[in-house]
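Given next are the chains, with one letter for each unit.
Number of protein chains: 4
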Amino acid sequence: MTSQALKEKLHLIIFGTDTPAGKNFDIFLIVAIILSVVLLMAESMETVVREYYLAFRVLEWIFTLMFTLEYAVRIWCSPKPWQYIRSFYGIVDLLSILPSYISLLVPGANYLLIVRLLRFLRVFRVLKLVRYLSEANTLIRSMMMARRKISVFFLVVLVLATIFGSVMYVVEGPANGFSSIPKSIYWTIVTITTVGYGDIAPQTPLGQLIAAFAMLIGYSIIAVPTGIFTAELAQEIQRNRNSIECIQCHKIGHDSDADHCKYCGSSLYP
Amino acid sequence: MTSQALKEKLHLIIFGTDTPAGKNFDIFLIVAIILSVVLLMAESMETVVREYYLAFRVLEWIFTLMFTLEYAVRIWCSPKPWQYIRSFYGIVDLLSILPSYISLLVPGANYLLIVRLLRFLRVFRVLKLVRYLSEANTLIRSMMMARRKISVFFLVVLVLATIFGSVMYVVEGPANGFSSIPKSIYWTIVTITTVGYGDIAPQTPLGQLIAAFAMLIGYSIIAVPTGIFTAELAQEIQRNRNSIECIQCHKIGHDSDADHCKYCGSSLYP
Amino acid sequence: MTSQALKEKLHLIIFGTDTPAGKNFDIFLIVAIILSVVLLMAESMETVVREYYLAFRVLEWIFTLMFTLEYAVRIWCSPKPWQYIRSFYGIVDLLSILPSYISLLVPGANYLLIVRLLRFLRVFRVLKLVRYLSEANTLIRSMMMARRKISVFFLVVLVLATIFGSVMYVVEGPANGFSSIPKSIYWTIVTITTVGYGDIAPQTPLGQLIAAFAMLIGYSIIAVPTGIFTAELAQEIQRNRNSIECIQCHKIGHDSDADHCKYCGSSLYP
Amino acid sequence: MTSQALKEKLHLIIFGTDTPAGKNFDIFLIVAIILSVVLLMAESMETVVREYYLAFRVLEWIFTLMFTLEYAVRIWCSPKPWQYIRSFYGIVDLLSILPSYISLLVPGANYLLIVRLLRFLRVFRVLKLVRYLSEANTLIRSMMMARRKISVFFLVVLVLATIFGSVMYVVEGPANGFSSIPKSIYWTIVTITTVGYGDIAPQTPLGQLIAAFAMLIGYSIIAVPTGIFTAELAQEIQRNRNSIECIQCHKIGHDSDADHCKYCGSSLYP
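Residue numbers (my numbering), protein chains in the order written: chain A, 113 to 382; chain B, 113 to 382; chain C, 113 to 382; chain D, 113 to 382.
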């Protein structure tokens, strides 16, 4: 078998999902990804690790070497290696092996291997969950439409948080836990997002009054991203409905789960 | 009375709600369900139980035996026993007696008797709260329409929570309460859902910066399920309005609480 | 002046808002209500009260006697006393004097005088804030339309909270703060509403897993009332727009703040 | 150069953004604003300040004097000085230098310099982020439309918070942290906005029952501002779409990011 033929065959197996071999490879890959993530989680639990430290390290390196080999083969058998390397999956594939090597120099860095989880998103392609992908696309397109409004909103929230944070720093002061302006800004974000840990809480009456005011603002402006997104999504759904046209009677407005034209009954996807 | 006639009569009383006897039986059942749930709650309060331990155990077994008898009769008098056993109510009826018997082996299991509460949902059928059922159907249909979008959303939230959790585990470490990756993921979910117990809270400036970022993300993406559900519900309500047609002037678009056509005034439900 | 003439004159002053005397009376009343509420708040602050205890009690009784007299006169000068007594304002007027008398028997009951605040709602009528009243009506009508859907939603939330609470009681147990099923249900409501005090928090891994699940459910179903209300409100606003018709060109669809027809320019409210 | 010519030239540089000099001036200004805000944040961190106290004070006064000079020049070279002074930016410009002078009398007041951040909003004008400004306008217009409904909503929330707060003060009392009515109202706002610090939490069963009720109310009425805003925004977006008309085929309904008519393909902005 020539090198070129091998390359093409490997490409079909590794990148394709239509041949049995390609499908098996992808399923094997997904199982390996899940196992390596579970391994990583277990490794972080002290009681588990103490006894099996060596086993954990060995297993982690087996996964890393396996994924490194896979990454090398992917580059080698790509017709346009650079295109793969700079694609979303190419970057994720690299990031999911790098931390192991970095951890040789910086201990603890291996926990960043968790980005391997992003490789799991391939599952959509493999299992032909196209319907889910189309739903995801509707969501993403609505977010794209809404992104400028959301940016304006976030800038306003950050300016608000900085000003409220500084005022609280002046009013409450380091004695009540507001030990610096950045920490007060952190507290303000905790408050206006309605998370409210309570590790820092205003103690003076004036501070509590300002805090109550900040909460009511946060409680109202939570409406803004919801409103933006809902309005855009409603339009996107409407647009989707109108994008499916019956080939018999040429009428539009069919539901996304409709298989037949609701006016003349002929199949929408013959 | 033959066995067959008895079967049919019992079936009418136990499953039906149209005869006085059937209605009385159902009302008696609902009262028994509520009493047994209240009993269970009282049983969990230490101060109450200490003195009346025996009385509580006796009462609980009386209810359990009563419901067991009822379950047996329901199976016996059903024309198609297997259909009842595998139906939603059949499973709930079984689950609401099983824990008592399990508690003979595993102490404490009897608290799972709380699933008896699900039997309470029969109240809708008995009290002819059909209007409420139709409202519930609108809600459920909107959720069904939105389920694929919601699934995509939850997968994204879980991947996000895992990545944020691992980063926080590396940044904060066991010294600040982030004692393992699963616990850090728990913390991340507590944070991005804006619950914020505060039992674990970031202590380092970098950790607080990442936490603030996670909060803002959680605060924004709360918009996503709301947007999805609102958009679907608005369509569902619109569809409901259009599903009622005046039999006189054949116009649609009537409110769900309308009794007369708003165009020609003739009754919509003659 | 005959008793009948006095009655009519008093009725005009007390119930009316069109004469200068009637307006002055209402403004005086609103000031008195606000003062008595502020007094009540100040009274609850220990440091303030200790020195001026007598003054506070005297002032409170002056307000109470004044409002009692007003209530008596309102009944006396009403053409149909019973109608006033059973109206919303009649009940509020009675509730805002009763606690003072009850506090003679039950100490502390006087804090319930805070219901006087509801009398403050008269401000809408007095200041002719009709536009605000019409906005409030739109909101209330949307809520009325949504009330059955919201009821179904709340029943589901309560059943969910009871089941989650019982499971958490079994899993976590009294040792971790879940000391009884009612307290566990309280914790579940604190969690699924995303309030999250943190006074009770799950300690076991299984408890934290179930809690994370409850949070994600709470985080999603917050979408339900929002969606219901938004959908109903959007329809109500649409209906409002269509309810204003230009008397010149008979076209509808004008904004609620429009003064002129946007098609032909003639005044909408001549 | 005459004084008038100088005035005009300075006006072009300081207020204008079209000449290279004007653009450079604005960029220099924005950098200075960001630096002075960062300086202020650093100043609040004790560990940083202790060693460089003098340097911080000197730098802060350099910025303050620089901004004071700029403010004076802006007034001097304005054709209508009073109009500038009373404009939004005029007030912000004054507020961003005043605290330094006040801090000579009242120590700590200099942290209010954080309002300098509002000057940063000029960035929109300078960087020609007009698209963002138009998005911001859509948001602001929706808020204006919704302001009366939001006001009614906030009044209801405040009345609710006062009544719940007073009831909780009576039920829980100072022994459980509810030390006065104002503090109980603060707790109620923390609860119904779902922030939930947990610094004050109900201890008695009755208090927890009322708290659970308050949470469920807060959890539902969060729907109200969201619903109001979403409904208004959806209309505003619809109105925006209809405000762009194709000059070829005169059809409307184009998306805000469309450059060509979607019906005939001719350019929308020739």
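Treat the hints with care, since some could be wrong.
All copies of an identical chain are treated as equivalent in the list; a pair is satisfied when it fits inside any one copy or across any two copies.
As a list, the in silico DMTMM-like pairs of lysine to aspartate or glutamate whose alpha-carbon atoms are at most 25 Å apart [said to hold, decoys possible]:
1. Lys192 <-> Glu182
2. Lys295 <-> Glu120
3. Lys295 <-> Glu172
Worth flagging that the hints you see were computed from the coordinates, not collected in a lab. This structure is a prediction, so every number in the text was calculated from the model and none was measured.
(Q) Checking each numbered hint in turn, tell me which of them this model violates, lowest number first. (A) 2
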